[in-house]
Amino acid sequence: MSDLIQLLTADGVRVEHPDVAFSPDPSLLDTYGDEPGVLRALLRDMTLVRRFDVEATALQRHGELGLWPSSLGQEAAQIGAGRALAPGDYVFPTYRDHGIAWCRRIDPVDLLGVFRGTDHVGWDPEEKRYAPVTIVIGAHTLHAVGYALGALHDGAVGTGDASRDTAVLACFGDGATSQGDVNEAMVFAASYHVPVVFFLQNNHWAISEPVTRQSRIPLVQRAAGFGFPGYRVDGNDVLATYAVVQRALEHARTGQGPVLVEAVTYRMGAHTTTDDPTRYRTDDDLEVWRRRDPIDRLARYLRTTGGADDAWFAALEAEADELGADVRARCHALPDPSPLVSFDATYAEITPTLAAQRAEVAALLDGTEVAR
Amino acid sequence: MTTLTLAKALNAGLRRAMEQDGKVVLLGEDIGRLGGVFRITEGLQKDFGEQRVLDTPLAESGIVGTAVGLALRGYRPVVEIQFDGFVYPAYDQIVCQVAKLRTRSGGQRALPIVIRIPYGGGIGAVEHHSESPEAQFAHTPGLKVVTCSNPVDGYWMLQQAIAHDDPVVFLEPKRLYHSTRAELDPALEPGPLFASRVVRSGTDATLIAYGPTVQTCLAAADQAAEEGRSLEVVDLRTISPLDLGPVAESVRRTGRAVVVHEAHVSFGVGAEVAAAITEQCFFSLEAPVLRVCGYDTPYPLSRVEHEWLPTVDRVLDAVDRAVGF
Ligand SMILES: Cc1ncc(C[n+]2csc(CCOP(=O)(O)OP(=O)(O)O)c2C)c(N)n1
Chain R
1 MSDLIQLLTA
11 DGVRVEHPDV
21 AFSPDPSLLD
31 TYGDEPGVLR
41 ALLRDMTLVR
51 RFDVEATALQ
61 RHGELGLWPS
71 SLGQEAAQIG
81 AGRALAPGDY
91 VFPTYRDHGI
101 AWCRRIDPVD
111 LLGVFRGTDH
121 VGWDPEEKRY
131 APVTIVIGAH
141 TLHAVGYALG
151 ALHDGAVGTG
161 DASRDTAVLA
171 CFGDGATSQG
181 DVNEAMVFAA
191 SYHVPVVFFL
201 QNNHWAISEP
211 VTRQSRIPLV
221 QRAAGFGFPG
231 YRVDGNDVLA
241 TYAVVQRALE
251 HARTGQGPVL
261 VEAVTYRMGA
271 HTTTDDPTRY
281 RTDDDLEVWR
291 RRDPIDRLAR
301 YLRTTGGADD
311 AWFAALEAEA
321 DELGADVRAR
331 CHALPDPSPL
341 VSFDATYAEI
351 TPTLAAQRAE
361 VAALLDGTEV
371 AR
Chain Y
373 MTTLTLAKAL
383 NAGLRRAMEQ
393 DGKVVLLGED
403 IGRLGGVFRI
413 TEGLQKDFGE
423 QRVLDTPLAE
433 SGIVGTAVGL
443 ALRGYRPVVE
453 IQFDGFVYPA
463 YDQIVCQVAK
473 LRTRSGGQRA
483 LPIVIRIPYG
493 GGIGAVEHHS
503 ESPEAQFAHT
513 PGLKVVTCSN
523 PVDGYWMLQQ
533 AIAHDDPVVF
543 LEPKRLYHST
553 RAELDPALEP
563 GPLFASRVVR
573 SGTDATLIAY
583 GPTVQTCLAA
593 ADQAAEEGRS
603 LEVVDLRTIS
613 PLDLGPVAES
623 VRRTGRAVVV
633 HEAHVSFGVG
643 AEVAAAITEQ
653 CFFSLEAPVL
663 RVCGYDTPYP
673 LSRVEHEWLP
683 TVDRVLDAVD
693 RAVGF
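So the sequence lines, in the order shown, correspond to chains R and Y.
When we follow this note's numbering, the leftmost residue of the first sequence carries the number 1, and every step to the right adds one.
When we follow this note's numbering, the leftmost residue of the second sequence carries the number 373, and every step to the right adds one.
Just so you know, the hints here were simulated from the structure itself, not pulled from any lab data.
In this text, a Cβ means the ideal position worked out from N, Cα and C, and glycines have one as well.
Label-pair ranges, simulated between beta-carbon atoms:
| hint | chain 1 | residue 1 | chain 2 | residue 2 | range |
| --- | --- | --- | --- | --- | --- |
| 1 | Y | Asp-685 | R | Thr-274 | 23 to 33 Å |
| 2 | Y | Arg-625 | R | Leu-364 | 25 to 35 Å |
| 3 | Y | Glu-561 | R | His-62 | 43 to 53 Å |
Based on the sequences and whatever the hints tell you, model everything.
Okay, structure coming up:
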């Protein structure tokens, strides 16, 4: 299917799709009361994640982070996918998936360590069911397939027991689709019929290269070549993304094999804080996408339908301000690691050679004579 | 004469190589309109066109494998790997294909490919952006591995590598891109590519370095001089083939050698250099050849990288040990 699935237009109007409907999971309905409640929750997620991202970008500018990859503009794709996950599902993320991390209840400050150079992973991957971020493009899509294969062999797929069945979300970008690893991941996934959802955020750019450098055809069409279904969804439409990813995860979890979801979105900011997008893209292009903003459209829908009033929006704004201030303060307080951690974290048991090197560094740190 | 940074000197070197030989083509991620993430290819696509400066899909194995085919067709591809840690997806193509095709063709086919890799740490980067993979390539027969430590070498060595008929892994110390400047006289004739060079003379010990640590060793020699100690510094420049001539000559005079590099110490270039010095200078040595290198852990978190990289203090400490042996 390479037509674009949409349930909420850029103007904030709900539209129907013949195959896909927004039907929030009962647990979400339990938590948020009714559908407007769920929509407000999604808007809150997107708004707070955006504020966090803006704050992190500012922190980088102030020298508190070495680098920051912004998720600005991709909030609907990430919150849509993140909220569609069941508690037992497992995510293999990229460095830009702050919104999905948010949905896994990872403290946003814990995402900063990698970019501040204080930590490789600020959360417990098993507890959060969210793997450490991968910098090498596409490598983790194979890990996702292997994890899904393990779940399949463990009998944790298609049992009908919601607490047991597992799907795996493999996140990557349009640039990543050119990597051998991603293509091999799709071959393996199809071959073993594993419960993996390939979640492709087509944000139109791989640093300076437009998506047309990676593919002449809509990327979703690759799924057919590997032999599994693919959906192309408006990634700035949180309802459609939620609905499509929910369905894809269900497909995987129930033992029907892999799925590709291409969420068509746009990276509004720079690739990272070291990038200068004015060198390769035009303001016109940005303007087109600004009009498709994922947050604006849901806000507009909620306003016009009476799903949220001014007081609610004001409270959300205040909550975002509070989050921003909190992230700033706690980023400053992130402690530097001990230089000895990498010696202790290299092997299960430190080797004699490394133990000697560790002792040398420890002595240097203490200012004592190095024993040789 | 103009004063250039290493980044600008490499850019000028590429430009001149492309002007002189229409078969020189560049391939890499973001090297076109953006001019590369370090701007080493800045302006080249604009001036030479999209057929000579190819923005490639995001696939390192694809980039290097395609360069092999281009070379077989008579081109001289210059590949840019965006960062050291991203060369590994192309490792198979480099080690099994680029390095071995001459042998596989019974010596009939040349493979004039240059693989440029910004390498090394010290810039506060996230993981995979600070690696020193030289030993992995130097250990591979069929490849040549060189690195520059200053703008003048960068300018000339890059052109020489492009003109060379064997594949060359060309390592660019990224932390020196913008921090070193030098006067460049394009009319001056350069020395040979595969040659090491004494960059500071001294009498008490020889420091052997390459790429980013040459600057560290020069700083160490400055500091040692204040304390009345005279250190000689040799810039290896070529890692494979290793040019031991000037190194051995120096060590025979000073009697002491310290090898300094950022890459992990074990099984590294320092071990090779130390073994070679021991074989050639055994009767001149007053102390064992010492190494000051990165430790045998993955490159550490940037907040503590300064504790990991060879520092002036660590170099001087090694010199003390060599002298006091
Ligand atoms: C193997 C590898 N090559 C190059 C890079 C450098 N790099 C980091 S992000 C990026 C672009 C990725 O684009 P895409 O997959 O579309 O994801 P996006 O950043 O747009 O979310 C590149 C080239 C890398 N991290 N890994």
